[in-house]
Structures are given as C-alpha cells and as structure tokens.
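S.K.: Order-wise, the sequence lines are chains A and B.
Here the numbering used here is used: the first residue of the first sequence is 1, the next is one more, and so on.
Here the numbering used here is used: the first residue of the second sequence is 1, the next is one more, and so on.
One or more of the hints may lead you astray.
What the hints assert, rightly or not - Between beta-carbon pairs, the in silico distance windows are:
id	chain 1	residue 1	chain 2	residue 2	range
1	B	235	A	113	30 to 38 Å
2	B	59	A	102	31 to 39 Å
3	A	73	B	72	35 to 43 Å
4	A	73	B	204	38 to 46 Å
5	B	205	A	27	25 to 33 Å
6	A	67	B	188	47 to 55 Å
7	A	61	B	108	33 to 41 Å
8	A	132	B	86	39 to 47 Å
9	A	113	B	41	33 to 41 Å
10	B	238	A	67	48 to 56 Å
What the hints assert, rightly or not - Sample of chain A residues at the chain B side, in silico, Cβ under 8 Å:
id	residue
11	113
12	126
13	141
14	144
15	148
16	162
17	164
18	172
19	194
20	196
21	200
Unchecked claim - In silico DMTMM-like cross-links for lysine to aspartate or glutamate, where the CA-CA straight-line distance does not exceed 25 Å:
id	chain 1	residue 1	chain 2	residue 2
22	B	154	A	179
23	A	193	B	40
24	A	3	A	22
25	B	211	B	43
26	B	94	A	22
I should point out that these hints are in silico values taken from the structure, not numbers from a laboratory.
Cβ coordinates follow ideal geometry from the N, Cα and C atoms, glycine included.
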Amino acid sequence: MKKVKILDLKIGSVGSLFSALEKAGFDSISVIENMESLLSSDLLIIPGNGNFGKAIKNIDNLNLRETLKEHVFAGGQIVGICIGMQILGRASEESSIEMGLGLIESNFKKFDLELVHRVPHLGWNTVNDLENSSGLSTFRFENDFYFNHSYFLESKDTNYNSLMTNYSGFEFVSGVVSDNIIGVQFHPEKSSKAGHSFFCELINWSNV
Amino acid sequence: MSKFRIIPIILTDGINVLKGEKFDPWRPVGILEPLLNIYENRDVDELILIDVHANSRLEYISTEIVSRACKTLSIPLSVGGGLNSLERIRNVLKAGADKVIIGSSSITDPELIQGARDEFGSQSIICSLDIDSTDLNHIFTNGGRNRIEVNAVKAAIDLENNGAGEIFIQLIDLEGTLNGVDLNIASKIIKEVGVPVSIAGGVNSNDDFYKIYETGFSGVGVGAFFQFTENTPSTVRSHLISRNVQTRNLFRS
Numbered sequence: 001m002k003k004v005k006i007l008d009l010k011i012g013s014v015g016s017l018f019s020a021l022e023k024a025g026f027d028s029i030s031v032i033e034n035m036e037s038l039l040s041s042d043l044l045i046i047p048g049n050g051n052f053g054k055a056i057k058n059i060d061n062l063n064l065r066e067t068l069k070e071h072v073f074a075g076g077q078i079v080g081i082c083i084g085m086q087i088l089g090r091a092s093e094e095s096s097i098e099m100g101l102g103l104i105e106s107n108f109k110k111f112d113l114e115l116v117h118r119v120p121h122l123g124w125n126t127v128n129d130l131e132n133s134s135g136l137s138t139f140r141f142e143n144d145f146y147f148n149h150s151y152f153l154e155s156k157d158t159n160y161n162s163l164m165t166n167y168s169g170f171e172f173v174s175g176v177v178s179d180n181i182i183g184v185q186f187h188p189e190k191s192s193k194a195g196h197s198f199f200c201e202l203i204n205w206s207n208v
Numbered sequence: 001m002s003k004f005r006i007i008p009i010i011l012t013d014g015i016n017v018l019k020g021e022k023f024d025p026w027r028p029v030g031i032l033e034p035l036l037n038i039y040e041n042r043d044v045d046e047l048i049l050i051d052v053h054a055n056s057r058l059e060y061i062s063t064e065i066v067s068r069a070c071k072t073l074s075i076p077l078s079v080g081g082g083l084n085s086l087e088r089i090r091n092v093l094k095a096g097a098d099k100v101i102i103g104s105s106s107i108t109d110p111e112l113i114q115g116a117r118d119e120f121g122s123q124s125i126i127c128s129l130d131i132d133s134t135d136l137n138h139i140f141t142n143g144g145r146n147r148i149e150v151n152a153v154k155a156a157i158d159l160e161n162n163g164a165g166e167i168f169i170q171l172i173d174l175e176g177t178l179n180g181v182d183l184n185i186a187s188k189i190i191k192e193v194g195v196p197v198s199i200a201g202g203v204n205s206n207d208d209f210y211k212i213y214e215t216g217f218s219g220v221g222v223g224a225f226f227q228f229t230e231n232t233p234s235t236v237r238s239h240l241i242s243r244n245v246q247t248r249n250l251f252r253s
C-alpha cells in the first residue's frame, strides 16, 4: 500500500498535489489539518505557496511545531514543497519575527535584484544533481522544474545532499535530500513529466 | 534571465473558447476541456485562462472550471475574469489556480493588490496592464473600453510597488489581429521594473517570439497564433532553440 498524507496549512491549494500523487501511483492519499492521525511511519508532504510568516503562524496556531519535529526524530518522513521547504529551515528574511523548525540548518534570503535582474524567480529552470548524490535519478538528466519564489536557501546544510539550480548565473540550493527529509524550492506538482518522475521516485524513497 | 516561457491564452465565456479581436467582438470556437487536454499534451510552459464575460455578468471565473482545469493540467495555470475582491481571489486560488490575473482592479483598486499580496504573496499575483502599442501616455481598463491618461511606465511601477509578482502587458490594438507584435512602447516599460514582465498581442511569426525574448520579456502570451495558424508550441520552441534562446528542457530520463 503506497500511502502518503498531505498536511494542509491553508496556504495555497492541495488539489494539484493530490492529482500528481495519484498519477504517480500512491493509492492512499489523505489530507490532514492536524497531526492527530499521524503515525511515525507516515510519509508527510507539506505544500505551500504564499508567505513564510503566515505559514509559521498557522503551524504554531495548530501546535504543530514540536509534533513535526518529533515525527522526524521518530523516523517519520517529511517532504516540504516551496514554503513547505522554507518552514523546515531556521529563519527567513521574509519575516523578522517567525522562526522555522530548524530541521534544515540554514536560513532563507531574498534574491539580490542586482545579481539576478528579476525577482521573483519565475518559470522553468534546471535542477541538477549530476553526481546522483541524492539517489533521485530524475535530477541526473538536467530536467527542468517550475519555480516561483523570491527567497532561497542561503547555505548548504551538510546533513543533506543538495540539488542545485542556476538563475541568471547565480547558483543556489534548490532542493535538499536526506533519508527522512526532502525539501524542494520548486513545484513538482506543476512540473509536468519531470514532476511526475519525482513523485514516482518518492514511492521508492518512502519507508512506507 | 529566466528561461523564456510560451504561454497559450485561452479566452472563455465559461464553456466555450472564444476568439477576440482588439478585445471585441467575440465568437465561440470550441469547448474548453478538449483544448486544455491538447495544451497539456503539447508541453507548453503555462496556461492563462480568462473568462472575458465575467465582468458583464457581474461574476468571476467559475471555481468549478478552475478546479476541473487543474485536474487536467500538470503545469501552472493563471486565471482571470472578474477578480475584483479578496474573497474572489481566495476562492479561485483555493480551487487550484496558481496565479490570478487582475485586470482593471489593478489600476482602479490598488488596495486590492496590496491586500492580495499580504494574504497570498506577490508570487500569486499577476497584474495586467492594457495599453495601445503606440501610446505610452494612456492605459486602458474595463476590457479596453476606458482610456485613462496615465503614463504606462508609472502605472507599471505602481503595480510592482503595490505587490504584483508579475506584470502582463496586453497590446490591445494588436490582440487577435495576427498583425505582428510591436515592442516600441512596451520595451520602455520593462526597463523600469524588477518583476518579471510578459507580453501578449499580435504575435504572427517565430521571429516575433525571438524579438520579445531579446527585448527582455520573461514570457509571451499567445492566442490566435496557436489557435488559428499551423504553428504549435513545438515549432516555436524549435525555432527559438536554433537561435540559442533558453527555453524549458523537455523531460529526459
């Protein structure tokens, strides 16, 4: 049974993610708004589109902060997409008050307009893991995914394998992969066949 | 520069696909869902779907249509039509749209854009700027019916400051005409803002796509050129690749 749970933080919609997971072959997909039914064996996906501060406020209002961390420490798996990845980090320039979960030991910084010329980073771009350090072969072949963000992961966290992207000559970490956490800055649920390939690989990555 | 995006535009009344010309008149040319399927299978970069009758019905683009479209598509979808309140924008984003396109209200209701940015983030907001391709001193609202004496560059800067994550310039004198794009005025606008800017109106050749890319636009909206000529996103993409334009890599495994 290929099982996955989507944590709906009410920032953006979960419909496309749901469809993408279905197409990839997950046969049990549930959308949850709290952690009550979550088992430590579960694969949890956190999508998000919007505002880091708002996402963190929603997490704290639902008392999810410690539960999410415990889920990981107990061996559970989390995949964070876009804002879902950013909440796993430490701090973000997008909010001076709210702090992330710190599961990725790095901060999020805004793109420098002088360097990249247009912000947000909007459109398709290549996500590279040419040496296949992550084990996700989708990223070995210079596949493109859809991006729409103004903040990016400021530095590598060596606890993870990094996926890299070049925007206007500026290289940044567009994804992180470890045994129990994946964070991607791009939107695989909006990335057509490449995204589909990523979701299929999640089935193998998953411990479920 | 990000990779150049080719974005088919579909105009609808909710059921039928419409063809416009210079923003008027409309004639139905087919049913919506099959066209979405065609584009989904044609490796386009994104889609824009606008209900052009919504305002006159005092409504907004149907959330039912948006959510059905999102089930068909695995690429980003931006939608517009009658989005003049936060509640309408919220409903449409919740139904699955990635971005909303806000037209007249971008100009007449700046607080709406600010409120939308605060609630949904500027990356969810495209503000459209309707201009005549030969005139920098006026902009248009209400589907091209109202002409306002405002400098188009200033209008674009205001849109960015209010929270637009992308500006979408529509050349309303060229829209639907297949007469060729004219970037003379539009090129003056993109130099003055830092957000991505796309453009639509009149494209009639592969070279038009190249010119738009070369001028610095991040994407091009395409209507009549795909719907009424033998050109396809693939033929345009091949042409651009042959001229070393960075476009999306198609999937490899």
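S.K.: Hint by hint, note whether the structure agrees.
M.R.: Hints, one by one, checked against the model:
no. : hint                        : result
1   : 235(B) x 113(A): 30 to 38 Å : holds, 34 Å
2   : 59(B) x 102(A): 31 to 39 Å  : violated, 46 Å
3   : 73(A) x 72(B): 35 to 43 Å   : holds, 40 Å
4   : 73(A) x 204(B): 38 to 46 Å  : violated, 60 Å
5   : 205(B) x 27(A): 25 to 33 Å  : violated, 48 Å
6   : 67(A) x 188(B): 47 to 55 Å  : holds, 53 Å
7   : 61(A) x 108(B): 33 to 41 Å  : holds, 35 Å
8   : 132(A) x 86(B): 39 to 47 Å  : holds, 45 Å
9   : 113(A) x 41(B): 33 to 41 Å  : holds, 37 Å
10  : 238(B) x 67(A): 48 to 56 Å  : holds, 51 Å
11  : 113                         : holds, 5 Å
12  : 126                         : holds, 6 Å
13  : 141                         : holds, 4 Å
14  : 144                         : holds, 4 Å
15  : 148                         : holds, 5 Å
16  : 162                         : violated, 20 Å
17  : 164                         : violated, 15 Å
18  : 172                         : violated, 13 Å
19  : 194                         : holds, 5 Å
20  : 196                         : holds, 7 Å
21  : 200                         : violated, 10 Å
22  : 154(B) x 179(A)             : violated, 50 Å
23  : 193(A) x 40(B)              : holds, 10 Å
24  : 3(A) x 22(A)                : holds, 10 Å
25  : 211(B) x 43(B)              : holds, 22 Å
26  : 94(B) x 22(A)               : holds, 19 Å
When the structure is compared with the earlier hints, violations turn up for hints 2, 4, 5, 16, 17, 18, 21 and 22 and for no others.
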